[in-house]
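S.K.: Please put together the full structure from these sequences, using the hints given.
Protein chains: 2
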Amino acid sequence: MNLKEYLATNRKRIDDALEILMPPPTGPFGEHVAAMRYSLFAGGKRLRPLLCLAAAESVAKAPHQAYDSAIEVACVLEMIHTYSLIHDDLPAMDDDDLRRGQPTSHKMFGEAAAILAGDGLLSYGFELLARPHAHLDPKRQLRIIELIGHASGPFGMVGGQSLDISAENEDISYEQLQTIHRAKTGALIETALHTGAICAGATDVQERALSSYGAHLGLAFQITDDLLDATSTSEQLGKGAGKDDERGKATYPRFFGIEETRHKARTSVDKAIAKLKEFDARAEPLRSIAEYVYTRTN
Amino acid sequence: MNLKEYLATNRKRIDDALEILMPPPTGPFGEHVAAMRYSLFAGGKRLRPLLCLAAAESVAKAPHQAYDSAIEVACVLEMIHTYSLIHDDLPAMDDDDLRRGQPTSHKMFGEAAAILAGDGLLSYGFELLARPHAHLDPKRQLRIIELIGHASGPFGMVGGQSLDISAENEDISYEQLQTIHRAKTGALIETALHTGAICAGATDVQERALSSYGAHLGLAFQITDDLLDATSTSEQLGKGAGKDDERGKATYPRFFGIEETRHKARTSVDKAIAKLKEFDARAEPLRSIAEYVYTRTN
Chain V
1 MNLKEYLATN RKRIDDALEI LMPPPTGPFG EHVAAMRYSL FAGGKRLRPL LCLAAAESVA
61 KAPHQAYDSA IEVACVLEMI HTYSLIHDDL PAMDDDDLRR GQPTSHKMFG EAAAILAGDG
121 LLSYGFELLA RPHAHLDPKR QLRIIELIGH ASGPFGMVGG QSLDISAENE DISYEQLQTI
181 HRAKTGALIE TALHTGAICA GATDVQERAL SSYGAHLGLA FQITDDLLDA TSTSEQLGKG
241 AGKDDERGKA TYPRFFGIEE TRHKARTSVD KAIAKLKEFD ARAEPLRSIA EYVYTRTN
Chain U
1001 MNLKEYLATN RKRIDDALEI LMPPPTGPFG EHVAAMRYSL FAGGKRLRPL LCLAAAESVA
1061 KAPHQAYDSA IEVACVLEMI HTYSLIHDDL PAMDDDDLRR GQPTSHKMFG EAAAILAGDG
1121 LLSYGFELLA RPHAHLDPKR QLRIIELIGH ASGPFGMVGG QSLDISAENE DISYEQLQTI
1181 HRAKTGALIE TALHTGAICA GATDVQERAL SSYGAHLGLA FQITDDLLDA TSTSEQLGKG
1241 AGKDDERGKA TYPRFFGIEE TRHKARTSVD KAIAKLKEFD ARAEPLRSIA EYVYTRTN
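Just so you know, the protein sequences line up as chains V and U, in that order.
In terms of my numbering, the first sequence opens at residue 1 and continues consecutively.
In terms of my numbering, the second sequence opens at residue 1001 and continues consecutively.
Quick caveat, the hints were computed from the structure, so don't treat them as lab data.
Hints may be right or wrong, so weigh each one.
Here are the simulated DSS-like pairs of lysine-lysine, each with C-alpha atoms no more than 30 Å apart in a straight line [as the list claims (entries may be wrong)]:
#: 1; chain 1: V; residue 1: 139; chain 2: U; residue 2: 1139
#: 2; chain 1: V; residue 1: 271; chain 2: V; residue 2: 4
#: 3; chain 1: V; residue 1: 107; chain 2: U; residue 2: 1249
#: 4; chain 1: V; residue 1: 139; chain 2: U; residue 2: 1061
#: 5; chain 1: U; residue 1: 1107; chain 2: V; residue 2: 249
#: 6; chain 1: V; residue 1: 45; chain 2: V; residue 2: 271
#: 7; chain 1: U; residue 1: 1277; chain 2: U; residue 2: 1061
Okay, the calculated bits of chain V under chain U, using three or more residues with CB under 8 Å as the criterion [stated by the list, open to error]:
#: 8; region: 89 to 103
#: 9; region: 123 to 136
All values derive from a computational prediction rather than experimental measurement.
By construction, the Cβ of each residue, glycine as well, lies at the ideal position given by its N, Cα and C atoms.
M.R.: The structure is reproduced here in structure tokens:
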């Protein structure tokens, strides 16, 4: 398959859907909505919604059914991911001025507006998930909300960011590093796969396989993110490179060196792909995405 | 009825339920959970959950049915209210050191941990709302999640806070002040009533009446909050008094003076109570709470 074309097509679909789902930046709350939109349309890779749609495609009868059932959930995953980036970039957290080559939210709008833009995206995302849905029954919607609430909350993304902040300049073990990664980035990626599967009516066995794929892919993604930070220039990344090292952050390259880390990324990608062995050609996008996560580090 | 006793009993029930619903501050995410718990158990009045339960009681066949159907929703409303206070108190927002006589979250745990404690409470709240519920069918759960998502989001609480921050030291009109209040505090209070009504199986007419009661009560509450800030000492409030004036914030007393503001509070309370005219004795707690919101300013 042509992954580049597949990703471009689906990114366009996701961007178009986000444009419709997000309110226009007008009316009394226009400035606040504009701040939410600024970060949401700042050129993200759309990894989580792409994975959600691809998971749905891997079990749906036809691609359009995958799209119809999963597009809103996919878009909400991107809203929640965007909120987490806005908050992570704040001066009190990672203090980043650039994100994807553009000023971060607090640089553009000030700290207060940035905190609130993040907060707004999170609440609005849950509101969207609960709206009456033509292709999802209420029980499935509730399962999806529960999973996304869990993955983004104290035992998922927010908890992981909290551990990550505490761990700065601390000597932490490899086990602790894994706990941080699983919670901070792994949980939401795994949930993107899991909820995509639920949307498209996956069996329990398929749900578990796609979740496991997501767990391995999420780990691979975190490992390769660490690698990119250690080996790229700021210009290549569109954000500050080498910042992990500067902050004394525990990363895979610090534990294992560059080559062993690259090997670990490869192993995680292989494990992810192995989880798809019972899936037919409809899972090809997921297989290709896993390969792509690895190759972006070369 | 004995309001003091009623409130004490239900506050105890809410606190007990929150204790059960909140995870213990142990395990890998213990510090983060401890920060969430610190603010949640810092002696809040529990107004929103009390109103939610009272709304449920006003239409339920028996008080225990109101409790069984609405207690989780009531607790989540308090979690979301607490998250909003944590974020409002941040240095980038209202920069408050004290809340209910105790150090604010960022004073206790630092800014990063405080931002994340708020974020964690919000996600966790939505997770709880989506869990399988013995007394609510999935469609009602989804309506409740949608309402709470909306009331806490860009067109409710967060949007209102955003307007409030922008309006500091600006000359705003009375209409703008009303928009801020309705969104910042009114929306979640109205939703506490509305969701309590839904939990207990209210008719559409009852839902509308209870929501309207909530809208008027929310306004009365905001007006009296402004009054208390203008007329109390910091010791009485357990937080900085006179801060609105110090910041050049638009408030009711600045527009209308103390006496006219007090009159407006009375009018809002009367309108709230009038919305309950078709309700029987089961709505007595709601009537008494409305009176109490007024009398606390005397």
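S.K.: Determine which of the earlier numbered hints do not hold for this structure and return their numbers in increasing order.
M.R.: none
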